[in-house]
Amino acid sequence: MTVQLLRQTSHMSPVAFVVLAAVSALWVGLGRLLDPTMGADGLRYAWPLHNLLNGQGYTMWGEPETFYVPGYGVSVHLMASLGLPLDSAAALVGILAVAGCVVLVGWQVGRWSSPKWGLMAAAVVALNPLLIAHSGINLTEPLYTFLMVAAWFLVVQVWLAPNRFNLVMLGLVCAFSYLVREEFLVISGGIAGLFWLRFVVSKWGRLGQPPWLAGKALLLATLLMFSGPLLWGGWIYHHTGKLSLSGKTAPALAYADQATGRMEEKMGLAPWDLPGITLPHYILKVQHAKVRAHRLMLNGWRYRHTLMQNMLYVVGFVPLLLLPLGHRRGRPVEVVPGVVPAPSYGSIALWGMLFHLPLLILLFIYVYPRFVVPYSVLLSVVLAAAMAKFFHAHWPPAGRNRWAVRGGVLALGLGVAASGWQLSQQDNRDLHQGMKYAGLAVQALQLNPRQVAIPRKGMVFQFYANAGRDMWNPEALPTHTPAAVLRDELWAQGYRWLVIDAGYLGRYPNLQPLYDHPQQFRAQGYCPLRVNPEKGFVLFDLKGCKHE
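In our numbering, the protein residues as written are 1 to 548.
Be a bit skeptical, because a hint or two may be false.
In the SDA-like style, the derived pairs of lysine to any residue whose C-alpha atoms are separated by at most 25 Å in a straight line are [unchecked claim]: (1) Lys543 x Ala476; (2) Lys535 x Ala492; (3) Lys535 x Gly525; (4) Lys535 x Arg370; (5) Lys389 x Ala476.
Derived DEER-like restraints, expressed as beta-carbon distance ranges [stated by the list, open to error]: (6) Gly83 x Pro478: 38 to 46 Å; (7) Gln512 x Val168: 54 to 62 Å; (8) Ala393 x Leu197: 25 to 33 Å.
By construction, these hints were calculated from the structure, which means they are not laboratory data.
Note that this is a predicted model, so its numbers are computed, not measured.
Don't be surprised by glycine CBs; every beta carbon is placed ideally from N, CA and C.
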């Protein structure tokens, strides 16, 4: 039945889907399953659910976890239920998400145009440099990318040929996307608003052009879409004196608070004592806000009193999408069975723009390169869909053109491979590799992990040093204490060993000499137990080398 469905819907050989999935999976690295590394943020998403399954509640370090949403953890633990270790399960989730994204693009664009152009579109997405660079990291980006692309295709399909099944699927995908990354709430609100205009307010036909989509109305809608982030950026500028287009805003706000003497007042408040998180609240009481910036934007998961409100958003979104179909001027929407209309350039651009709205907001809060991955891939999908539509109409892939298509796919692959930097960025997955192997070394030496001083991202070290049995909130090492003084301070605090991780040396200039020349510090009480620059870590015994 599946084979027949594929043939009927896209006329693409099922073998092509198998090849697409296999090539995509190999491209992002099936070999990572043999040596996966569970990153710190990935653990923050997955570990609270681990505690929940072990009767400790949805907690982290003994405290209720209301900041990291559970969607990614659910996916990882479902995969782990097959008998895989948690880090291997996380790697497999990412690999399957990337492969599924590529196959979905090839299948859906092939339905809109032709199978050959569907393959070209799939190649464009599979060769997205940011996707290649970050697909091997066990974080939310690959899964969220797949969900965002799936939601985009469902939205376009419902927009053109609505039916209840696609609406239910869209509601479920949107709800789970929000549980993976809460920023999807912005997209969900835009979808609901435009669907309301499409099916309730507008009188235009199912495949006609809406009057409000043209001319001044479209210009006004575009301005409104971009005005929100600009207003938010203006608020940040008012508080910090600069637009925080990179890095986190919190340090800038903390600096401003220090200058006005209000930082201690804000930092002393418990999360449940902070004011509400709505933007109008801060517009009205901008001079009296008592919360740091990174707790403002859609991070209601951190607030216990708003956790239920966020869950209601998820539960209520599915019926919200279903409402318009039953109340369109009293008539049900007619659907032509088997017809898959191709979207117009306007529809492709409209929904592509809407789905990028959270990125515009994030630019004023904090942006790491990996945050841009889903939006970069979606932009590739939008461009690939528009390209396939154009070439299908003006350049059918037949005869010599067929070889041109194949040559285009090959040229894309060679271009990415020749550029070099994209593939080298796959080393991002090794950012926490030093902590992983340091943890494994501590486990092999049967040392007490709680007596090992560690730099940032200590959760990775704990996970591997304890074989995934225990977690505690580690204290980060000081960043400017000289090595000659640091050893005595750590010893007084009860630490007996020290790990230095290559991934975060840039934040610890005082530890750089220790990492580069570990043997030169023996006289100061640092005895190297494990020196492994290939794996990215050095393990010191703070008792010194007298016992040798």
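Hints, verified against the model:
1. With a CA separation close to 21 Å, the supplied pair Lys543 and Ala476 stays within the 25 Å bound.
2. The straight-line distance between the Cα atoms of Lys535 and Ala492 is roughly 29 Å, outside the 25 Å bound, and the hint therefore fails.
3. A C-alpha spacing of about 24 Å is found between Lys535 and Gly525, which places the hinted pair at or below 25 Å, so the restraint holds.
4. Among the hinted pairs, Lys535 with Arg370 is consistent with the structure: their alpha-carbon atoms are about 23 Å apart, no more than 25 Å.
5. With a C-alpha separation of about 53 Å, the suggested pairing of Lys389 with Ala476 is violated against the 25 Å cut-off.
6. In this structure the supplied range 38 to 46 Å holds for Gly83 paired with Pro478, their Cβ-Cβ distance being about 42 Å.
7. One distance hint, 54 to 62 Å for the beta-carbon pair Gln512 and Val168, holds here, with the actual separation near 56 Å.
8. Restraint check, Ala393 to Leu197: a C-beta distance of roughly 28 Å satisfies the suggested window 25 to 33 Å.
Going through the hint list in order, the structure does not satisfy hints 2 and 5.
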